[in-house]
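Per our numbering, the very first residue in the sequence shown carries number 57; after that it's consecutive.
Because the hints were derived from the structure by calculation, they are not lab data.
Everything numeric in this text was worked out from a predicted model, so none of it was measured.
Be a bit skeptical, because a hint or two may be false.
[Said to hold, decoys possible] In silico lysine to aspartate or glutamate, EDC-like type, Cα no more than 20 Å apart, as pairs:
{"#": "1", "residue 1": "Lys177", "residue 2": "Asp132"}
{"#": "2", "residue 1": "Lys116", "residue 2": "Asp166"}
{"#": "3", "residue 1": "Lys169", "residue 2": "Glu130"}
{"#": "4", "residue 1": "Lys177", "residue 2": "Glu133"}
{"#": "5", "residue 1": "Lys116", "residue 2": "Glu75"}
{"#": "6", "residue 1": "Lys173", "residue 2": "Glu130"}
{"#": "7", "residue 1": "Lys89", "residue 2": "Glu99"}
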Amino acid sequence: MLRALAAEHNLCDALLGLEKTAPGKPCFGHQIKRCKGACIGSEPYAKHSMRLVGALSRLKLVSWPLNGPALIREGDEAHLIDGWRYLGTARSDQEIHALLAAGRPQFDRDIYKILAKYVAKMIPLTPRPRSPDE
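Can you make the complete structure from the sequences, with help from the hints?
Rendered as structure tokens:
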């Protein structure tokens, strides 16, 4: 991803740690007119850094808006989500508890992009009250 951002925004591969260069020598991107010369001082380091921050800001994720898991109801099914991770679909409280007990899968950016569109439909999953003998 960093290499793609460097190419798209004319960032210096050497300053990003993607290429080793000798001090004072231009990176390969500068030689092919892709880097604006921050590696050799032709472009101010601050300007390069601001372009890098701008490029990275596109990748920023929204924090999970709830204090725990949530449901998205669809007919008699409920899609269970926690921390932008899709845990599965359930039809009963027992299935919900089984999905929660199974743990969270790895974060997937594509799933995040889909789920972010449905935040308004998310219903926080409230913890069930404990009985006195638990």
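Hint-by-hint comparison with the structure:
1. A distance of roughly 15 Å separates the Cα atoms of lysine 177 and aspartate 132; the hinted pair therefore holds under the 20 Å criterion.
2. About 13 Å separates the Cα atoms of lysine 116 and aspartate 166, which keeps this hinted pair within 20 Å; it holds.
3. With a C-alpha separation of about 19 Å, the suggested pair lysine 169 and glutamate 130 falls inside the 20 Å cut-off, and the hint holds.
4. Restraint check for lysine 177 and glutamate 133: satisfied, since their Cα atoms lie roughly 14 Å apart, inside the 20 Å limit.
5. Of the supplied pair hints, the one linking lysine 116 and glutamate 75 is violated, its CA atoms being roughly 25 Å apart against a limit of 20 Å.
6. Pair hint lysine 173 plus glutamate 130 holds up; C-alpha atoms about 15 Å apart against a cutoff of 20 Å.
7. A C-alpha spacing of about 13 Å is found between lysine 89 and glutamate 99, which places the hinted pair at or below 20 Å, so the restraint holds.
Figure legend: structure checked against the earlier numbered hints; the only hint not met is number 5.
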